[in-house]
Amino acid sequence: MHLILFLVFAGFCLVGAINLLLQSHPINSALSLIVVMVSLAVLYLLLGAEFLAAAQVIVYAGAIMVLFTFVIMLLNASREERTLGSRAALRVGFPSVVAILAIIATVILHTQGLGVARLSDGITSTEELSAVLFTKLLLPFEVTSVLILIAILGAVALAGHDARDPQGIRERTGGK
Amino acid sequence: MTIVQFILWSVLKVAVVTVVMLLAVAYTVLLERKLVGRIQNRWGPSRVGPFGLLQPLVDGAKSFLKEDIIPTGVYRPLYLIAPILALGCALISIGVVPFGVPVSVAGSPPLFQIANVNIGLLVILAVTSIGVYGIALAGWSSNSKYSLLGALRSSAQLVSYELALGLSLVGVVLRAGSLNLRVIVEQQATQGMLSWNVFGGMQFVAFFIYLMAAYAETNRSPFDLPEAESELTGGYHTEYSSMKFAMFFMAEYANMITVGCVATLLFFGGWTSPFGDLIPPFENVFFDAGLSLFWFVLKVFSFLFLYVWVRGTLPRFRYDQLMNFGWRWLMPLAILNIVATSLWLAYR
Chain C
1 MHLILFLVFA GFCLVGAINL LLQSHPINSA LSLIVVMVSL AVLYLLLGAE FLAAAQVIVY
61 AGAIMVLFTF VIMLLNASRE ERTLGSRAAL RVGFPSVVAI LAIIATVILH TQGLGVARLS
121 DGITSTEELS AVLFTKLLLP FEVTSVLILI AILGAVALAG HDARDPQGIR ERTGGK
Chain B
1 MTIVQFILWS VLKVAVVTVV MLLAVAYTVL LERKLVGRIQ NRWGPSRVGP FGLLQPLVDG
61 AKSFLKEDII PTGVYRPLYL IAPILALGCA LISIGVVPFG VPVSVAGSPP LFQIANVNIG
121 LLVILAVTSI GVYGIALAGW SSNSKYSLLG ALRSSAQLVS YELALGLSLV GVVLRAGSLN
181 LRVIVEQQAT QGMLSWNVFG GMQFVAFFIY LMAAYAETNR SPFDLPEAES ELTGGYHTEY
241 SSMKFAMFFM AEYANMITVG CVATLLFFGG WTSPFGDLIP PFENVFFDAG LSLFWFVLKV
301 FSFLFLYVWV RGTLPRFRYD QLMNFGWRWL MPLAILNIVA TSLWLAYR
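Sequence lines, in order, name chains C and B.
Numbering follows this note's numbering, with no gaps: position 19 of the first sequence is 19.
Numbering follows this note's numbering, with no gaps: position 220 of the second sequence is 220.
Hint data in this document are derived by calculation from the structure and do not stem from the laboratory.
Where is the CB? At the ideal position from N, CA and C, for every residue including glycine.
It is possible that part of the hints are untrue.
Claimed, not checked - Stretches of chain B that chain C covers, calculated by requiring three or more beta carbons in the stretch to come under 8 Å of a beta carbon on chain C:
no. : segment
1   : 115–124
2   : 143–155
3   : 158–164
Sequences and hints are given; from them, build the entire structure.
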């Protein structure tokens, strides 16, 4: 049962990812990315990480991708132009992708002490997850949250109007 | 219980809940038309059947039989997917809602709930956040300026108010110590009305934030800018006709019902009686189950009533007012509520 579900959703995930690259219209690519995210959430669920699955759907599929589609709709981006691809991409790009994948795979396979999760594992409850997050991994967790806070402040500072020009008149008129 | 039995029971429960839900949606529409009629000093539908009670069925038949027009300029695949997505997401989230006390008959899994999930609350939030795509894609694929504006407004509004909505629920989760909807209800079941989160749990601020954010999430008045008739003709579903339009309509009312269910479960003690043990429980399983179902339906009904009442009373917000209200008032208030609740729980 777990295996069948895994195969189905891993298949969805791969098809979505390939479709994301092949589609020429940005909105279709964005929708394929949503399919990838949601199928990844199901895979997390199969590994017993229910909170992670829900967070994946809420944050990635529900919030970030909504912004993506929002921007695509707002700019009314149209079809991209097809080219035959540059020679540089063919000669350097593909071999380096293979090399990077190989390096990552060997590093992961040879590292000791990584946790192991099986498809039929029991569900890790939110309590257990938060206990680990707020005791063992407290420092990385807090550092990440500060990082996100800095990013938010930066975004507000960049997007916000000048303090001397609250209405943004100077920006709109080009300084006149 | 074998896996075949489990699947059969699940299919049965899903079928029953879907039928009841669709009927509830149909009659919520009638409720709205009748009530708004009375608020505006007229009768509302009164010709089809006694008191107009058959009106929803006739309306349904009408939408089925109407010609289904697909405009030439639309982007077909997404135009066709959008209503399915909207209605599907609206109906899925009811799957984790518990309607009454856990009863099982002849070795069945507990009736009155399709799936008892540990993270029920998050599932509802997740499915709701996916539901945005139905509206966004409908607006974009229609290739019409009114639809696009409606969809843009709707996505911006949903993303903004989802934050306040999620944050307002944290206080309740902190008190219950669980995301499981059953656990959250059982934690409020001890003292009747006094132990409900909205009164005894001191979560009334969270409740009002939830209510307002939920009105905005379901595109209901006074936050119904995505389908403001006077500015956008019909908003995101301007180009839809016949059953496809009806699907958006049904999705909106199904979302209203889900919001009512969630508010009932989280703040008003779910299926528990407001009188607690003042009325001793009957020693009959069926009677107790029926009574719990009665309280649940009554509470959800009062939320639907409130929805209609608000629609009949309040004018629509302006768009900048809506955004200011969501970001500058609701969200800080929700964060303050979380801080206050955590401090109280730590102090206790």
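Okay, the hints, checked on the actual structure:
1. 115–124: holds (count 5)
2. 143–155: holds (count 4)
3. 158–164: holds (count 3)
Consistency with the previously given hints is maintained throughout, with no hint failing.
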